[in-house]
Amino acid sequence: MVQEFGIINYNLWTWTILYGATLVWGSAAAFYTWLYCLGDIKHLPEKLRESKKRIMEIEERRRKAEAERKAKG
Amino acid sequence: MSEVIAAAESISAPWPFAQIFPAELAVKRPLPSYFGPILIFGLSGVFTVLVWFMGRFKGRTAEEMFSGGRDVGHGMSNAAIVATWVWAATLMMSSWTGYTYGPSGPWWYSLGATLPLPIFAYLGQTLKVKMPLIHTYPEFILFRLDRKNHVCQAIIAMIVCQWVTIMIVSGGSIMYMTYTGLPFELCALCMCISFAAYILVAGAWAAIFADMAMGLTIYVCLGICIWGSMVLLGPLKIWEGLVHHYTTHPIIEPWGPYSNEFYRTNQWDCINYLNAAGIGFLIVNSVGNLGAVLNNSTYWSIAIAADKPRTVWTSYIASALCWAPIPLSMATSRGVVGLALGVTLGETYQGGQHGVPFGGAENAYIYFQEAEAVAPLTAFTVLGYVGLIAFFVAVGAATVSTGAHETMSTVTNFVNDLYRYYIRPKASARELLVLTRLMVGVSLAISFFIVVMWRWLGFTFAGMYQAMGIFFSSAVIPLCCAAFWKDANRDGCFWGTVIGAALGIAYWVACDWSLDWPVVWANIIVTAVSCFICVGWSAIKPENFDFTKMATIDVYIHEEV
Chain A
18 MVQEFGIINY
28 NLWTWTILYG
38 ATLVWGSAAA
48 FYTWLYCLGD
58 IKHLPEKLRE
68 SKKRIMEIEE
78 RRRKAEAERK
88 AKG
Chain B
21 MSEVIAAAES
31 ISAPWPFAQI
41 FPAELAVKRP
51 LPSYFGPILI
61 FGLSGVFTVL
71 VWFMGRFKGR
81 TAEEMFSGGR
91 DVGHGMSNAA
101 IVATWVWAAT
111 LMMSSWTGYT
121 YGPSGPWWYS
131 LGATLPLPIF
141 AYLGQTLKVK
151 MPLIHTYPEF
161 ILFRLDRKNH
171 VCQAIIAMIV
181 CQWVTIMIVS
191 GGSIMYMTYT
201 GLPFELCALC
211 MCISFAAYIL
221 VAGAWAAIFA
231 DMAMGLTIYV
241 CLGICIWGSM
251 VLLGPLKIWE
261 GLVHHYTTHP
271 IIEPWGPYSN
281 EFYRTNQWDC
291 INYLNAAGIG
301 FLIVNSVGNL
311 GAVLNNSTYW
321 SIAIAADKPR
331 TVWTSYIASA
341 LCWAPIPLSM
351 ATSRGVVGLA
361 LGVTLGETYQ
371 GGQHGVPFGG
381 AENAYIYFQE
391 AEAVAPLTAF
401 TVLGYVGLIA
411 FFVAVGAATV
421 STGAHETMST
431 VTNFVNDLYR
441 YYIRPKASAR
451 ELLVLTRLMV
461 GVSLAISFFI
471 VVMWRWLGFT
481 FAGMYQAMGI
491 FFSSAVIPLC
501 CAAFWKDANR
511 DGCFWGTVIG
521 AALGIAYWVA
531 CDWSLDWPVV
541 WANIIVTAVS
551 CFICVGWSAI
561 KPENFDFTKM
571 ATIDVYIHEE
581 V
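The listed protein sequences derive, respectively, from chains A and B.
Residues in the first sequence are numbered consecutively from 18, following my numbering.
Residues in the second sequence are numbered consecutively from 21, following my numbering.
None of these hints come from the bench; they were simulated from the model.
Idealized CB from N, CA, C, for every residue including glycine.
Each hint should be verified, as a subset may be incorrect.
As the list claims (entries may be wrong) - Stretch-level coverage of chain B by chain A, calculated; a stretch enters the list once three of its residues show a Cβ under 8 Å from a Cβ in chain A:
| # | region |
| --- | --- |
| 1 | 95-103 |
| 2 | 291-298 |
Unchecked claim - Chain B is faced by these chain A residues, among others (derived, beta-carbon under 7 Å):
| # | residue |
| --- | --- |
| 3 | Trp-30 |
| 4 | Thr-33 |
| 5 | Ile-34 |
| 6 | Tyr-36 |
| 7 | Thr-39 |
| 8 | Ala-46 |
| 9 | Ala-47 |
| 10 | Tyr-49 |
| 11 | Thr-50 |
| 12 | Tyr-53 |
| 13 | Leu-65 |
| 14 | Ser-68 |
| 15 | Ile-72 |
Assemble the whole structure, with the sequences as input and the hints as a guide.
See below:
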């Protein structure tokens with residue numbers, strides 16, 4: 018089984034090119050992720066404020082519903 | 021070396037998974053035992069404080085706890101997916117493939133593990149359009165198929181999340197035990213406790229937020245490891261090492277589950293593009309990872325928390341492109357470098373002996389105890405303490421973020437799919453919230469128990485990774501059919517999942533749990549049988565389901581009820 022594909026072994030150049038490609042690709046991926054993430058973080062306080070407002074309204078409605086249920090016995 | 025082989029061969033294995041640990045050999049640790057717990061609890065503590073100040077209100081309603089608020093944008097989703105898909109396996113197992121199969125190993129690992137992400141991009145977007153208010157993917161199955169499929173998929177989703185948690189804890193504990201000397205059980209316990217912290221505060225949103233921050237941390241740490249090897253060793257020195265290995269045929273794994281003729285000869289064939297065992301690993305990796313992503317509620321929770329269906333599509337496609345180079349470059353820079361340097365199981369190495377001993381590493385030694393731990397070993401021998409600590413922080417961040425999120429997903433599946441629909445359908449939102457927090461503890465206790473038990477039985481980390489597809493990937497084809505195909509038959513989907521898994525497990529057991537070709541065939545059987553039954557049944561008895569009616573189904577958890 019081993020070396021049956023020996024004709025397509027790596028050589029120094031293909032190895033170097035593929036090794037270099039992995040490093041460049043990895044660095045580009047890190048840059049992209051950082052960039053878009055920081056963009057999102059900039060809008061995070063605004064989103065959290067909206068979310069908090071929505072949850073407070075839900076909690077208020079729940080309190081009212083509970084009060085009504087108690088009043089009805 | 022001959023004494024080590026003789027000592028290893030004299031120990032009889034209790035069952036086929038058993039790995040022989042030569043405990044009698046001198047073990048030297050480069051880091052103090054308190055390093056692991058400080059790192060894990062430190063990361064977990066920082067994110068608990070951040071989540072508490074920024075978004076603790078997200079944990080006040082069950083709907084927000086499970087769905088994360090459905091307002092997460094592309095940047096945060098992308099980083100969260102990358103961090104979630106980076107776990108101990110990505111860093112340790114991928115490096116093991118580089119060490120075992122040569123330069124083709126990282127490519128096979130990366131290809132097989134990236135494949136599910138673009139598929140998920142389409143699947144996640146489709147489900148978000150068809151049923152925008154779902155909390156978990158089995159909930160979609162309930163309304164698309166029926167109750168038996170719902171229960172089946174919910175159980176499989178829980179198994180997937182629990183299995184991944186177990187692997188994360190096992191992989192992380194192996195590393196911390198090997199390099200700090202802390203007992204394995206104590207490492208596992210510290211991790212399980214740290215997972216609970218911030219998800220108890222704000223559920224899914226906290227998990228996604230921490231994932232994002234951990235993702236950014238992981239990139240920095242891996243950048244140090246990867247570029248460090250490039251600068252200090254360079255491609256020529258690595259290449260010369262590989263050619264030396266290819267021509268001289270040394271035995272560098274004298275014991276362990278991969279110390280046999282099959283792996284040895286493929287290791288000697290390390291500069292082959294199409295390393296035969298590497299292709300077998302590609303099949304195992306593709307099948308296992310399809311199940312580990314598509315049937316994993318953690319990935320669904322990121323899709324569900326996204327602000328719109330388009331975000332799901334762009335984030336999963338971008339994350340596939342951003343994630344693929346992580347195991348690729350990591351395994352090349354750690355595993356292939358280990359192979360090129362000829363690091364041998366059972367040998368002791370000096371810090372920085374293959375590069376520069378940064379941080380005074382020349383006075384510290386590291387013992388190569390398990391082949392799966394080749395990555396931290398070469399990080400230390402090439403980059404000294406800088407490499408070892410960067411690698412430890414990356415694994416710590418990957419472990420805490422993914423472990424916490426997987427635990428949250430297991431619990432969400434139990435509470436939302438089983439408890440809410442079958443055990444107590446009239447449960448209030450507050451009751452679900454209390455139960456969720458309680459079940460986080462139960463889930464982590466189960467994980468800890470299984471991790472310790474499997475370790476005692478000798479079920480190795482690499483074995484867990486290769487076997488995972490056999491246990492849950494039979495659910496992949498039925499899920500895709502249910503999501504995309506209006507004619508998918510509910511009985512075909514159910515029996516395809518059950519019979520596929522049963523036959524795959526039966527075949528593997530019959531082959532004596534072998535981790536050579538039988539594990540590859542078992543993975544193929546699982547997928548092929550489930551596909552044949554599901555598609556064949558649906559073709560004979562099509563359902564002609566109307567997807568448009570799903571958009572109006574109300575699954576929202578109302579607080580007033």
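Hints and how they fare:
1. Restraint check on the region 95-103 of chain B versus chain A: 5 residues with Cβ-Cβ distances below 8 Å, three needed, restraint holds.
2. Only residues whose beta carbon comes within less than 8 Å of a beta carbon in chain A count, and the region 291-298 of chain B has 5; three or more means the coverage holds.
3. Given the 7 Å rule on beta carbons, the hint for A/Trp-30 is violated: about 10 Å separates it from the nearest Cβ of chain B.
4. With its C-beta approaching chain B no nearer than about 4 Å, A/Thr-33 sits inside the 7 Å limit, and its interface hint holds.
5. Violation of the interface hint for A/Ile-34 is found here, the shortest Cβ-Cβ separation to chain B being roughly 9 Å, above the 7 Å cut-off.
6. Given hint, A/Tyr-36 at the interface with chain B, holds; its Cβ is 5 Å from that chain's nearest Cβ, closer than 7 Å.
7. With a cut of 7 Å, the hint placing A/Thr-39 at the interface with chain B holds, because the nearest CB-to-CB distance is about 4 Å.
8. Annotation: interface hint on A/Ala-46 holds; nearest CB of chain B at approximately 4 Å, less than 7 Å.
9. The closest approach between the C-beta of A/Ala-47 and any C-beta of chain B is roughly 4 Å, which is under the 7 Å cut-off, so the hint is satisfied.
10. The closest approach between the C-beta of A/Tyr-49 and any C-beta of chain B is roughly 6 Å, which is under the 7 Å cut-off, so the hint is satisfied.
11. Here the hint on A/Thr-50 is kept, as its CB sits about 5 Å from the closest CB of chain B, short of 7 Å.
12. A cut of 7 Å between beta carbons decides the hint on A/Tyr-53: the least distance to chain B is about 3 Å, and the hint holds.
13. Hint status for A/Leu-65 relative to chain B: holds, with the closest Cβ pair at about 6 Å, below 7 Å.
14. Annotation: interface hint on A/Ser-68 holds; nearest CB of chain B at approximately 5 Å, less than 7 Å.
15. The restraint placing A/Ile-72 at the interface with chain B holds, with a minimum CB-CB distance near 5 Å, inside the 7 Å limit.
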